[in-house]
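**Q** Using the sequences plus the hints, can you model the full thing?
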Amino acid sequence: QTKLLNLKIERTSIESVLKEIENQSEFFFLYNTQQIDVGKKVDIDATDKTIEDVLETVLKETGIHYLIKDRQIVLYNGDVNSLIDAIEKSEIIGQQQNSVTGTVKDNSGQPLPGVTVVVKGTTQGTVTDVEGKYSISRIPEGATLLFSFVGMKSQEIAVGNQTKIDVVMQADAIGIEEVVAVGYGTMKRSDLTGAVTSVKGEQLESTPANTFVQTLQGRAAGVDIKSASNAPGGGIRIRIRGSNSINASSEPLYVIDGFPIDNNDVTPDGAGNNALPQSPLSTLSPNEIASVEILKDASATAIYGSRGANGVVLITTKRGQVGKSKIDFDYSVNVATVRKKLELCNAEELATLSNEWAANNDMDPIYDGINKPLPEELGEGTDWQDAIFRTALTHRYNLSISGGTENTKYLVSGDYLDQDGIIIESNFKRAGLRFNLDQKVSDKIKIGINANANHTVNDAVPSDGSGYQNDSPLWNALTTTPVIPIKDEEGNYVHNHDEAFKILENPVSIAKTRTDITYTNRMLGSAFADFEIINGLVFKANFGADLINSKRNVYIPNIAETQALPNVGVASIGSVQSTNWLAEYTLTYKKEFGTAHRLTAMAGYTAQSTKIENVFSRTDDFSTNKFEYNNLGAGSDPRPSTSHATEAGLLSYIGRVSYTYLDKYILTGTIRRDGSSKFGTDNKWGIFPSLGLAWRMSEENFLKGVEILSDLKLRSSYGVTGNQDIGSYSSLALYNTARPIIGGGPVIGFYPNRIPNPDLKWEKTTQFNIGADAVFWDGKFNFSAEYYIKTTNDLLLNVTIPNQSGYSSSVQNIGEVENKGLEFSLGFNNSFGQIGWNSSFNISFNRNKVISLPEGTERLLFNIGRGEAAYGRSIVIPGEPLGSFYGYHFMGIWQTEEEITEAGNTVGGKNRPGLPRYEDLNGDGFRDNDDDRKIVGDPNPDFIYGFSNEFTYKNFKLLIFINGSYGNEIANLNRIGLLTQPQKHNVLKIYYDQRWTGPGTGNTIEAPLHNAGEWKNFSDRDVEDGSYLRVKTISLSYNLPQNLFGLNWIRNAQIYVAGENLLTLTNYTGFDPEVDLYSSSNVQMGVDNGAYPSSKSVRIGVKLGF
Amino acid sequence: CESILDEDPPSSISLSSFYQTESDAIAGLYGAYSLVYNVSAGTAINYGELNADNLAISPIVSDAFSWDEFTYNSDVTGGLWSSCFSGINRSNEVILYTERIDINDGTKADIIAEAKALRAFYYFQLVRAMGGVPLYEEPTVGFDNIYAPRASEDEIYNVITRDLSNAVTELEETSSAGRINAYIASALLARVYLYRGDFQNALTYAQKVIDSGVYDLFDDYAAIFKPENDNGIEHIWQLQYLSGETNNTVPGNFGPRGIAGDYKNSFWANTVVGGGVAPSAEFVAESPQSYRKSATVADHYEHIDGVTGTITMEQVYGGAFPYYICKYDDREAELQSGENFTIIRYADILLMAAEALNEIEPSNNQKYTWINMIRERARNGVETDLPNLSGLSQDDFRTAVLEERRFELAFEGQRAWDLKRRGLFLETMRAQGKTVEDYMLLFPVPDAQIKLNPNLEQNTGWE
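Line by line, the protein sequences are chains A and B. Under our numbering, the letters of the first sequence match residues 1 to 1106, in that order. Under our numbering, the letters of the second sequence match residues 1 to 463, in that order.
Treat the hints loosely; a few may be bogus.
Said to hold, decoys possible - Okay, derived cross-link-like pairs now, DSS-like style, lysine-lysine, Cα gap no bigger than 30 Å in a straight line:
1. Lys293/B - Lys434/B
2. Lys105/A - Lys164/A
3. Lys440/A - Lys105/A
4. Lys451/B - Lys1016/A
5. Lys451/B - Lys934/A
6. Lys440/A - Lys341/A
7. Lys40/A - Lys120/A
8. Lys849/A - Lys451/B
9. Lys512/A - Lys551/A
10. Lys434/B - Lys910/A
11. Lys440/A - Lys188/A
12. Lys551/A - Lys153/A
Note that these hints are calculated values from the structure, not bench results.
**A** The structure is reproduced here in structure tokens:
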């Protein structure tokens, strides 16, 4: 040690001087504070002095002696014993030399608050402050510091003799250190044994959608999402690893910040034919979400027991972080137009077909040049699609303020959405306020609250279904004859209403004159308290409520012109109130035993209860349209008001143990015991266990040497979960109401609706999962694969029983469905010079099959479609996937009468030249019955995929997101209705182009010829390939340089432009291949029937952070 | 906290909270009555008329041919089977659980007797259509007894006659419209005995109704079928309807449909369509000229809006067969008719009494009094029409009374049954050119039910 010191200090404590020496040199001091007084103030002015010189000066007159040994300087009070004492205790009383300070930053140079810094192997540690600074003292010899932060790669740094350690944290591309929500707790990804997919909030925000669930589309393997309706606020269909059930719901359980919500439809009733119900999830803004975890296998879902069988979607909303207060503001405007129009006949073509129909049916021409113009005089006519579609604007605003200290973290945010639908007059608004707070009351106690209040206004137009009793702007725009104008010369709406025409209300009139508004208020709130009883043992109590109030106002004015409704003015008010409360108590114990064993154990008890109440009131016959729905008393024909209430309760005991040995071998066992009110009295309680094992092979010595392999984990799990999503009271015999007329008026009679089944219980899903996660080149490339097989038995089925019992069916636990599949995810993340490329791809294959049905039930048939074309069928039959289409086999067009008789039919009715020829399956001629129907399609996809690419260059970011589905078929029921009755309504252009006009003229489309029930013949001609590849999002964003305007109070500023659905490759001829009329059914899938069409759009937005 | 697992539906009643009071028992009874709608009216027309010689499918309709042409399959009775057994099970509930209610014994006995009579009515619908069926005298409470085999026809009829004769003695003489009273039970029992060929008992119970003095014929035949005369002096038991609340579809199916009620301004307002069924050509040809005929079938009607004037059925049917059944012509509310459907009326009782008396005591001239009461009203003062009958042989009277029933009770759901019980069904239908097999005298047991319950045996010929 030859270094010379320079010190010039006045009136400073000896302690400070020693510290300064330590800073300047490698020396460190050891002394016993009980013997040595270092508080004395001294002066020193030393230039290029040796340590001895400095110490002589400082310590003179203090009576303090020193001894220099190597880099250690021991101070003692002259007594040799005290010297020995000092040396002996120097390990523990070693002063500042054993402390480390430093700053933690991210790779962009921003300080990172909230980073955990611990001395590895101990509980000793701290958290970085607002400026990313930390200080940690009394560090033992040879210690290693561990820096960890959510979303960042953890770092271990040996302290050695450093006193200042600055760290730059790298984003965790591998994700193994990531902490993920697992239900009633969190877990490091590396410790997971189950199949869990995480999606970050930023990814969700990049794709605009009605509900956050739609933004998950294509993001997670094994998750199949379709829009049931593209109407603003419209419903969606989501399946995780296929449909498990026939009658019960196959929708996953949604858990928002630990609160399992009841996602049943709470849209109140409305009179007449109305829009499809709005998705309950549409009340939540995608902007509020920090991350979504999708739990797929039994190891992950069994903790949710009787609600886990369909998978679980855990939603974690954004919370305040330690650091300076942040203000974030987003705004975007979206411009949408219909993605595609259908090609229909124009006025001249339709009139030609009408005349041809008349001629074929031995009638005089309809467009004869006398009563009506000749076809060639009509030209194009009205384009009704143009009359109802519009360019629609959507504005979104989001403002959030968040921040926090070590003790208090908060977030307050507000968002507002104003979305116009692409069909005129449809609009959806949502305003939301959120507040959450985390408060450390003491070292032992933490409390927090979440409050989320939303208000939505869904101003809907009727959609979905077709024709008779299902008039809607869309369907009526497709079918209304182009011969008539929108309005007559006096400004009145013209309806498709001539003698030769079917009555169809003017689609513009439907949209403009009918009212259907649903107001929904939702308050989802919870409060929790954590109490650390002893080190590692935390008790948590969580209470919450999800309150939904919804009111729907409907008015159909007395100027409406429909076939189905009494056109006298119909007003209704419907209301639903849903109250869902939760109480939850958990005890969590986390402990590391030595360095080899890590244990997390959790046990808990929860109670949850839901009550839903409905009221509906309707009055008909209004002399004036003035009141709309606001004065039901003013109508002369009040209908009986109805009301209804259901309750359900769930009590549960839960437990989970996760044990990790040497970071290599991981075991997770979960168990849940659920008691549900919905089950029969003899089967109230069910037990749902699961076991998961994982082996981190990359931690084994034999793989340690493989440089490219950063992580490799094999996982497997097995377990049982349940589905209790059946209606309340299904096990009871209830009395339904009948209203026979007795003594001149209606009386109320009660009759039993079923045989009680005290044995009724949950549907049971047993799932085996095996998976592997691999990370290469430090996260530049990662790969996951899963295989699963799920069997669901004890299906809740309406089993047909002999009618002689007085009942036709009974709800029983019979039948089995299987889903098995493969899922692959690939990730790539690298930089090429200044260009960063981050890519992820996932693909999943699910195979669904019905294994068995109740004895005596050969098959179950279901009708698909609504309204006029509602004659499609689907079938559930063992050996085939759920929802298979069931119909006739189209064999072309009957060309001649001989052909008909040769095939064993009599000429007439449906079997005439020019009409479709369907296969006669049972050899008795073609008859309109099930014997001539067979399976004609499968709506289940062979595989679905998502492919996301993100390129960054300097401040630019380009996102290209592709998703798709392959091998699924769609029952295009629109097509049935649009290929019939050209004398009554409009038809597709291909009808005109390809129709049969005589033997040998066509074999695809029938002649316009009266044919009773022509729209009822659902055949494979109406089943189309629904495969598609869609460039769902292309988005380009630019982060403005911070110093651009010299405004350093702006934290970040981004502008972006995004295109949605700009390119879709598909052979599907309907509006959109991503369609499903039935959002909740398991047996009616892939049905397109007047669905609100999808749009393509361009969005421009700005994000500002202060 | 376990209490949240107990289910007590706030807006429904379960068995544990039902059958506590008299009004519960009455509500249960009304529940059982509500299925009479399913087995009368349109169902009665299908089984009793479309399946016989008087009624045919109208030229404008393409479905329901099977009833007219005997081409139905072995599931055709599915609806009747399930409705009757639901009615039987509901009646059985009332019978069993009312016994346990703590109320006045007389009231209790009345309610039980009424439920048993209703059960008998349902069993009668089944047994005459399909022969013996499974016999249930207690409600279904579990899954144990739902696979019972068929009982014999005699066993079923014994239960029917036992319960109806009990009702005759137990029930009050009057009841609110639509509910069974002692005379309704008597009238039904007379009908049952007539089917059984027990003419003595048929006469006895018909006579009870006649002797009561409670019932009489309307003076005007057409008045029987006017909605404003519902529950009139001639109507012994009518299925009750109320326009807009519970609509009778029979008038709309028989008559031309026109403007009515809520359909003002609607598509239907400007539409003229014929009914779904029409009188057969044979009926129109063979029906003797009389006021009654003119009140039964017609070839034109007045357009209801008074603008168009007369519309002929020839126009409506585009030149096809030009008659419709004007009997239930509820022109004010055709698609929402509130006109009651008559299950049994006094004229039927008179004809039953005459028929039975002719079998027991052919020389007793009382039978002419009864049948001539019917004919006199039918001719409505036109003496040349339907002259009074007298001096017929027993055989000729037997034929005469059946003919009288054919035209008096036309389209009221009796014809096929009358032909069947008289053994004339097959020859009559074959004479009309219909292909009817011998085994079709009985309807099939629904095939679907046989699949569900292997203990059921199919009727001969339908296997």
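**Q** Enumerate the violated hints, using their earlier numbering and listing them in ascending order.
**A** Checked against the structure, the hints that fail are numbers 6, 7, 12, while the rest are satisfied.
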